[in-house]
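Chemist: So the protein sequences, as listed, match chains A and B. Start counting the first sequence at 1; every next residue gets the next number (the numbering used here). Start counting the second sequence at 1001; every next residue gets the next number (the numbering used here).
Think of the hints as simulated: they come from the structure by calculation, not from any bench. Backbone N, C-alpha and C fix where the C-beta goes; we use that ideal spot for every residue, glycine too. A couple of the hints might just be wrong.
Only part of the chain B face toward chain A is listed, based on derived beta-carbon distances under 7 Å [claimed, not checked]:
hint, residue
1, LEU1072
2, SER1102
3, LEU1284
4, LEU1288
Facing chain A, from chain B, some residues (calculated, C-beta under 10 Å) [stated by the list, open to error]:
hint, residue
5, TYR1076
6, GLU1087
7, GLN1091
8, ARG1123
9, TRP1139
10, VAL1142
11, GLU1175
12, PRO1178
13, GLN1180
14, LYS1183
15, SER1184
16, ARG1195
17, PRO1291
18, ALA1294
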Amino acid sequence: MRTQAADKYWWLIFGCGLLPLLALFADIAADNLGGNPIQAIHIRLGDWTLRFLCLTLAVTPLQTVSRWRGMSGYRQLLGLYTWFYATLHVLAYVVADQGLQWRAIVVDIYQSPYIWFGVLAYMIVLALGLTTSNWAKRRLGKNWKKLHRLIYPAGIAAVIHYFWQLKGNLAMPVFYAIVIVALLGFRLLVWFKNRHLNRLLIPLGRKTGSG
Amino acid sequence: MLIKTAKPLPASEITDPLFFYNRRRMLKGMLATAALASGVAPVAALAAEPRWQGLPAGALSDKTLTPTPAALVKNYTNYYEFTLNKEDATQLAQALPTDPWSLEIAGEVEKPGVYPLEDLLKRQTMEERIYRFRCVEGWAMVVPWVGFPLGNLLKTVQPLSTARFVSFTTILRPEVMPGQRTKSLLDWPYVEALRIDEAMHPLTILAVGMYGDVLPKQNGAPLRLVVPWKYGFKSIKAIIKIELLRNAPVTTWNLSAPNEYGFYANVNPTVQHPRWSQSSERLLGDKLFTPRRATEMYNGYGEQVAALYSGMDLRRFY
Ligand code: HEM
Chain A
1 MRTQAADKYW WLIFGCGLLP LLALFADIAA DNLGGNPIQA IHIRLGDWTL RFLCLTLAVT
61 PLQTVSRWRG MSGYRQLLGL YTWFYATLHV LAYVVADQGL QWRAIVVDIY QSPYIWFGVL
121 AYMIVLALGL TTSNWAKRRL GKNWKKLHRL IYPAGIAAVI HYFWQLKGNL AMPVFYAIVI
181 VALLGFRLLV WFKNRHLNRL LIPLGRKTGS G
Chain B
1001 MLIKTAKPLP ASEITDPLFF YNRRRMLKGM LATAALASGV APVAALAAEP RWQGLPAGAL
1061 SDKTLTPTPA ALVKNYTNYY EFTLNKEDAT QLAQALPTDP WSLEIAGEVE KPGVYPLEDL
1121 LKRQTMEERI YRFRCVEGWA MVVPWVGFPL GNLLKTVQPL STARFVSFTT ILRPEVMPGQ
1181 RTKSLLDWPY VEALRIDEAM HPLTILAVGM YGDVLPKQNG APLRLVVPWK YGFKSIKAII
1241 KIELLRNAPV TTWNLSAPNE YGFYANVNPT VQHPRWSQSS ERLLGDKLFT PRRATEMYNG
1301 YGEQVAALYS GMDLRRFY
């Protein structure tokens, strides 16, 4: 599926996906991260993970609405970026913040329920990242689609992870909660229409409304 | 701003606070420092001479601590009356008029009244107190405060024997404090309180300055509480009222989330916040890859204060 979509837009998205990382490096180099730069790096990466997760989730609805075909290559790319930034977010926590002090990390995670949901979200994103290849897709057959629907629970876990660490400012986690609920709601609606009204929302062929 | 002190501190520990912060922005000498300060905190830069340069450190000042770079302390404050953003408070807080200022002392005292702040300060001896400061959010810093023991002030107004608690109230000025225009998060004005023995403890101070100079507005000018063994939210800013009470008052964070923020709020690495661990802290100014610091019981002041809580179940009275 990548071959099909590896066009100029694919390269454009690929290039844009690296910009947040470059911006972060620039801010580190310019010492532009405020009074608590270690936390700032970590938070910035967490924010981008969540943004890429939302973008990944938005592809299928966009495809349904726009009647564009063959966007799954972009979805895969955005999903891989989600995995990429999630990994950097975790590395920033483990290496830059905790300095690889494993005992302290275990205590911190154990005592911080909000991190449990981050770990849950990451495990899902990791599993999806590892099974992104066509080879895995062929091997998993029907289960591949089921597995990859876990992206929604990942999104919900990520939003809980965000909500629960909150020290005051609700605006952003509420925003992401709305985005994820809306995207999930859209998929449920399409599913409901397909199943119960026995006709497609928009006739797009077999790919619509699944995966 | 150099802290030139007569204290017996090794020279290595009294490094210019701005120097560590950012060598690249640090040009040469005091002029550059003033220029930097003007970029960071415009109004503070107008104060010409540091007010308490060379103030002797009090006996209770921890001389082994290295103060956090002042520029960090001045640009990283939780001041929800202005904003939820720690860095924006620096600018916004400049709108608060702090001179003249009066302090009301009320409740169970012989001499209640509204006192001009200067009159109260004249009767106090200022000291420098270098203390650890630990926020409930998991970050920490070391601040050389300038102030005096709260107990010394309370003695001048003669608490009655019925006074068992001391409450503190922050100024209510929604015209200049945008955060106070909505009560969705916290009920204003901000109120904090201590038990009378905590209030009279010699480590508990009222601060009017830091780093040898007048307290910046974002850090709680003109008068704030500093209780070094408790989480930072107990150390209330911009105090206009101190009241001595028979019973424990309702305090702001405790009212907003009683299961998360207790009345005592003593720093305690073994009692986690319901949503996050309190076992470690990030010391502001740390370089990348520096592990977090293990949080100490009572923020390291256990020797002096543990007796206040002997026999108490600290899981229950968090
Ligand atoms: C897909 C997985 C994940 C996503 C989408 C995610 C997203 C986020 C977001 C959006 C934030 C808040 C940033 C802000 O305050 O603006 C955050 C904070 C945080 N995340 Fe994650 N996260 C994930 C996985 C993890 C994992 C696996 C861990 C730890 C092992 C972790 C640890 C943390 C911590 C400790 C913070 C708090 C930062 C602080 O306030 O100091 N996260 N994350």
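Chemist: For every hint, state whether the structure bears it out.
Modeler: Outcome of the hint check:
no., hint, verdict
1, LEU1072, "5 Å, holds"
2, SER1102, "30 Å, violated"
3, LEU1284, "6 Å, holds"
4, LEU1288, "5 Å, holds"
5, TYR1076, "4 Å, holds"
6, GLU1087, "5 Å, holds"
7, GLN1091, "14 Å, violated"
8, ARG1123, "36 Å, violated"
9, TRP1139, "6 Å, holds"
10, VAL1142, "14 Å, violated"
11, GLU1175, "22 Å, violated"
12, PRO1178, "14 Å, violated"
13, GLN1180, "14 Å, violated"
14, LYS1183, "13 Å, violated"
15, SER1184, "9 Å, holds"
16, ARG1195, "26 Å, violated"
17, PRO1291, "3 Å, holds"
18, ALA1294, "7 Å, holds"
Checked against the numbered hints above, the structure violates hints 2, 7, 8, 10, 11, 12, 13, 14 and 16; every other hint is satisfied.
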